[in-house]
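Produce the complete structure using the sequences and hints provided.
Protein chains in written order, with the working numbering: chain A, 339 to 705; chain B, 913 to 1051.
This list has only true hints and no planted wrong ones.
Label pairs and their in silico Cβ distance ranges:
{"#": "1", "chain 1": "B", "residue 1": "E968", "chain 2": "A", "residue 2": "P621", "range": "36 to 44 Å"}
{"#": "2", "chain 1": "B", "residue 1": "T920", "chain 2": "A", "residue 2": "G690", "range": "49 to 57 Å"}
{"#": "3", "chain 1": "B", "residue 1": "R918", "chain 2": "A", "residue 2": "I620", "range": "55 to 63 Å"}
Since the hints were made in silico from the structure, they are not lab data. Each residue gets a CB set at the ideal place from its N, CA and C atoms; glycine is no exception.
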Amino acid sequence: MALLKRLIDWIDVRIGAREVVAKELTGYLLPRNINTWYSMGSILLFIFAMQVATGILLLIYYVPDADKAFKSVTFIMNEVPFGWLIRLCHTVGSSLMVLVLFFHMLSVLFMNSYKSPRELNWLTGFILFTMVQGISLTGYLLPWSQLSFWATTVATNSVGAIPAVGQYLVEFLRGGKLVGPPTLGRFFALHVALIPAVIAALVGAHLFFLQRTGVSTPPFGQKETANQWKGDGYHYENHPGGIPFFPVYAFEDVRSIFIYLACFLGVVFFFPNLLFTRDAFIPANPLLTPAHIKPEWYFLANYQTLKLFPSEFLGLAVQGVAMTFLALLPFIDRGPERHPLKRPLFMVCALGGLLLWIGLGVWGHYS
Amino acid sequence: MENSGRRTFLGLCLGGLAAAAAAAAAWPVYRYLSPRSTATTAARVDIPEKDVPEGEAKFFELGGASAVLVRKPGGGLIALSAVCTHMGCIVQWEKDKLDFLCPCHGGHYTAEGAVISGPPPKPLAKLPFTVANGVITVG
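Quick look at the structure:
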């Protein structure tokens, strides 16, 4: 312990580390009525780190070549010691990252934390959400199985519904008229280099905005629940008399991460094939379309929406409008009230939208 | 005092649990990264005699390392490790000079593997072999 103290002293006299800890950790106070939903961001950071670590490990054996990709994934799963564990952690982690991201966004939505001055937090978070969908979509192709090949064919094909430039965009995305080896090269580069870098930059921006505006106060258990910020100048929302981030809430974060890990490892060890269909174990065959190819669960609502509309363009346009509305929500919903139970119209729209999304997803799954 | 003892005990338990969890997570990663068995190529290799004409060298993999068979003018066979004893590069056969050159740092070996010049500290390792029914078995 004496050695540790001497090491800390040595660092402290050089960079003032204790001052940083006092300001950013022990002296960083959070609202007293903070709840577990505020841990979702920390869980997401943990998942992202896990995805990066397992992704780097997979890169050691994965071969991004259409002739070898499926074989290399089979090799990882069957031959490399604990390769199955690393790959399952990566695939299950990607799905759970989307799920936790949904929970994070829903908690922000229902606690009305997206309201001014936190528009930039919401916007960066929303772009992160689309990036996570993008990284999941591009990663889906990499095993080069029947499932990944045909799911990518369907997903990229829908872009063709955009008037005038649609067909060109499809070819540009695929690197050719059909999904093939050039598509694998493109998606691989996007999946392992470009999108992770964009996600890391956006996470940095998201945390920076959080740091500058301060943690929002949950509207629950408060007498005054209206937004106090008038937009007349920069204001940091501090919480005098609040609970310190370290050690109090940091332990809450750790507890939430352990609960997540329990669920995550439960799927990895007890339901390893939950996310795989039979077609995931057959190498891609560009001449043999399997029946009933479905996208991942989080794209099922989009898939069903496209099927519902008589024109594919209309289906895409409706989704585009819905996504734009969500992205710009803090700029549209400018009312000061933040308590969801004092906002019946908001509650009806938010719950209705959520139920519609779940309903379309279930319909898409069974259709 | 009692509180302090309890705190130390709980701290030790927590530290032990954290160490066990870290080891449980690190072990699969270590095993995943560990080199696979070096015996990816056979420990014995059969080469037809006709593949090694006089004055020629035949390079091949033996037990995960590089090896070479040389037939000297006159018919004598030699099996050697092809790994230079200086820095581990693979030597090349110089047919015109009937010797080995290591292109990394200019080490020269005779066809028997003895050092002629350059930095190699010792000769190329000799490998056992047998010849039967027109087949050379090395290893």
